[in-house]
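*Asks:* Chains as they are written, first to last, in the numbering used here: chain A, 155 to 903; chain B, 58 to 212.
Don't take every hint at face value.
[Said to hold, decoys possible] Short, incomplete list of chain B residues facing chain A, as computed with Cβ under 7 Å: (1) 75; (2) 102; (3) 132; (4) 134; (5) 138; (6) 161; (7) 162; (8) 163; (9) 164; (10) 195; (11) 198.
Source of the hints: derived by calculation from the structure; they are not laboratory data.
Glycine included, C-beta positions come from ideal geometry on N, C-alpha and C.
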Amino acid sequence: MSPVVGKPVNRVDGPDKVTGTGRYCGEIVLPGLAYGLIVGAAVANGRVVSIDETAARAAGGVFGIMTHRNTPKVANQPRLIPSLAGQPAPGESFFPMQDDVVHYWGQPVALVVADSEEAAAHAAALLDITYEPGVPVATIADGRASATQAKTLFGGLMPATDERGDVEGALAAAEVTVDATYHFAANHHNPLETSVTTAQWDGDRVTLWDSTMGVRASQLTVASLLGIPLSDVRVITHFVGGGFGSKAMVWPHVTLAAMAARHVGRPVRLALTRPQSFTSNGHREEQEQRITLGAGRDGRLTAIRHRKLSVTSPFDDWAEPATGVSTQIYGCDNYLGDHQLIHGNTMTPTFTRAPGESLGSFTLETAMDRLAYELGMDPIELRIMNHPPVDNHGNPWSSDGMADCLRRGADLFGWAGRDPTPGTRQEGNDLIGTGVAGAGYPVAFMMPVQHARARIFHDGSVVIQTSAQEFGIGVTTSMSQVGADGLGVDMDVLRFEAGDTDLPNTTSAVGSMGATMQSSAVHNAATTLRNDLIAHAVNDGKSPLHGLSPSSVKVADGRMTSTLDPSIGESYADLLQRNRLLDMEALGSWTPPGMDTPHGLLTFGAQFAEVAVDKDLGLVRVRRMTGVFAPGRVLNPKLARSQLLGGMLWGLGQALLEGNQIDRQSGRWALNNLGEYLVPVHADIPDIQVDFVEVEDDVVGPLGVKGVGEVGQVGAAAAIANAVFHATGRRMNELPMTAEVVMNGGGPG
Amino acid sequence: MRVTCVVNGETREADDVWPGESLLFVLRERLGLPGAKNACEQGECGSCTVYLDGQPVCACLVAAGQAQGRTVTTVEGLAPGSGEEQLDRVQRAFLATGAVQCGFCTPGLIVAVHDLLARDPAPSDPDIREALAGNLCRCTGYEKIMEAVRLAATS
Ligand code: FES
Ligand code: FES
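Pulled out of the complex, with its shape left as it was, chain A reads as follows (with noise of 0.2 Å):
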């Protein structure tokens, strides 16, 4: 239908990234910049009893240290809800350093500034803090007696309980049953930037440079804290290197960069460490899952019951929620899925790439693997038969495609001819196996209404603008395609600006849902302008359309033709230029679907995994990755297979090598490092293989784009399980997969 959208156009910001002159938030050059850095809790539970600040203050280069006994005291303390809600979007219900209790080992008691970096560090290891420790309960293990039925996550946003039909009934007479648990170890998500916030202040307004998802969730996170108007706090983000989640919230090192600023009377830089990137940001939380399957021997689902166990902080009700995909990818009328938290002492868990369902779907597309075997069926032909047409309301999907992305996947992996049983192919010392796993994730609805502007010169250059920003998917350059096509330019004429508060507003692209809004408001503002501008040409007694009907005009290239005859026309830049106008602009705005939207709205997919299990050592070698995905319209097709084969191998590395738990006596995370904590690294990369079934939506917004960002990952490690237990004959109920836990028969349940 159009030039560019749907091309595989370079990305726009490619040039600036490639020869290292983009500059992100750490990066920003201002005269007499400080350096923070934050000192945090060495207990995990307990009180800071005294800080001895006259070493630090004696280092040299300090310009201020602040702690509990000078920060001061928040104005308002927004509750945690989602940032795609558009709301003031806290990590956690909890801002430190406003008294001496301790929650959580890591959690801010002192902020050094100083003139470098290495001088703030030095300070910070000079203070001499001392603390007054209690017992921290911060794993399963340990809190398991106290852990309590959830009502609502996310701030009252979702009820924690999804409950039809009569499912303990159906699971007494179901034919067949399946009962597995399993315990998934904490992941973090390591963005190659850690977070970081420069922030400055002219008078009674503060800027603020923070490596974010959402810049508006910044200002209004920022503002609520220090109780000050949001036309006083305007947030910029031009380059952000990765989120995965860790940035869609904003967590309290962003307002304190503006309080230290004021503090010290200078700009502040601070920018979280390493280590402090386990400890500050969120993670994604352990947990403990349990799954039972009830079903008829002819394979039709019968009963589903889902419950997940996890740990959260002590302020908020925060569980990624696990039963959104279970509820509904496959039919079954009697249905229970809840939510048990534990309220510890950690910080708020967070939003981590396919938060949620990546581990939801764990449960459920290896709990449909066993219940294959049991039943001696193929299970790609045991999850189509059960992938039913309507959502668990009843609703028709706003567009499907699983059944082919499994049928599609199938062709493309080889599976025709697979011998199912377990632990008959072996290579030397490896055991060979493949697996299969569906996919599926929620598109999210919960956003206020999006907006964009575009803007056309005399001279036919053009600027779209809206507030959110790049942070590495490519939406400057899906926008740029989505804008030049809307309005009928070439993409050389256009520039697409974001990450600014100034700009109209968008919400934080988070859940996958980014393209989405955002494409929907960028088509509107250029299409509307395209109107306007076609309504002045035939309203123009000077111009060579006037007279015609605006549905007899087509535009291509910036120039307004007659569909009837293409030599009558003129340009966008000699209407204006005639007219003297030296610019004309168009706001465009979309509203998204409602939560009562009477569709499902999930994005499908299948992934397919070969693995090499070394029978001596337990080393599992994924050898190949098929993922065959319906994500709607794609806009780009190399920014999106960009971003599912980046998914995908996020499920490598949680299937494999993922994972973190904080210790027992100490309440601290054992590992912070990109030395321990293990990602996937070029030598682990198998073969893979992306491809897309084509869907038409026409729900979730006028692109029909349902996001790329979350389904990559989603189903990737349960294939990669299913494969292992192909190859071994053993299930694994524990992530990682470690050498240990293959070793030692899989883990608990």
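Since chain A is already given, all that's left is putting chain B with the ligands on it; use the hints.
*Replies:* Chain B with the ligands in isolation, oriented as in the chain A frame:
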């Protein structure tokens, strides 16, 4: 102390350098060259890779004083001129294949690939994986980076 070295072809001086400072800090904070990134500060991610006398090093692990009198080349110094046509072939290949997402790993990777191709003009896939195993990327899934190396090798 004062540190003098040749950076991207120009003699540069940094004054009042604290002996504990890293070369990475001096490049980023004192010489205005933010290309090499600081992502782990302990030699585990490769984001800070620069050439020191023609050898790729993690600038976070090099003390500033060790650069005294030596030659440093950063990602900012790889392109012979400005403008997209003037980019180094490795930079062009990263753009063409879409090997860049958030871009935080990119400068270090580009220097590492530049070095790999200088040593081995036609590396095999396992050689590429091995050579780049110390350069973490959290966004791309690495496949596009492999493609970029293959493309750069043939251009
Ligand atoms: S910052 Fe030097 S290797 Fe990570
Ligand atoms: S592109 Fe983001 S870390 Fe590599």
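*Asks:* Does the closest beta carbon of chain A sit nearer than 7 Å to the beta carbon of residue 138/B?
*Replies:* violated, 11 Å
*Asks:* Next item in the hint list is residue 162/B. Is there a CB on chain A closer than 7 Å to its CB?
*Replies:* Interface hint status for residue 162/B: holds (5 Å vs cutoff 7 Å).
*Asks:* Does residue 132/B meet its interface restraint, that is, does its C-beta lie within less than 7 Å of any C-beta in chain A?
*Replies:* Given a least distance of 4 Å, the restraint on residue 132/B holds.
*Asks:* Return the status of the interface hint for residue 198/B: holds when the least beta-carbon distance to chain A is below 7 Å, violated otherwise.
*Replies:* holds, 4 Å
*Asks:* Does the nearest C-beta of chain A fall within a distance shorter than 7 Å of the C-beta of residue 134/B?
*Replies:* violated, 9 Å
*Asks:* Using Cβ atoms only, decide whether residue 164/B comes closer than 7 Å to chain A, and label the hint accordingly.
*Replies:* holds, 4 Å
*Asks:* Do the numbers back the hint for residue 75/B, that is, is its least Cβ distance to chain A under 7 Å?
*Replies:* holds, 5 Å
*Asks:* Under 7 Å, Cβ to Cβ, is where residue 102/B needs to be relative to chain A, so tell me if that hint holds or is violated.
*Replies:* holds, 6 Å
*Asks:* For the hint on residue 195/B, just tell me whether its beta-carbon gets within less than 7 Å of chain A.
*Replies:* Holds: closest Cβ of chain A sits about 5 Å from residue 195/B, inside 7 Å.
*Asks:* Can the hint on residue 161/B be confirmed by a CB-to-CB distance to chain A that is less than 7 Å?
*Replies:* Cβ of residue 161/B sits 3 Å from chain A, so the hint holds.
*Asks:* Quick one, is the residue 163/B hint okay against chain A at 7 Å, beta carbons?
*Replies:* holds, 5 Å
The structure shown violates the earlier hints numbered 4 and 5.
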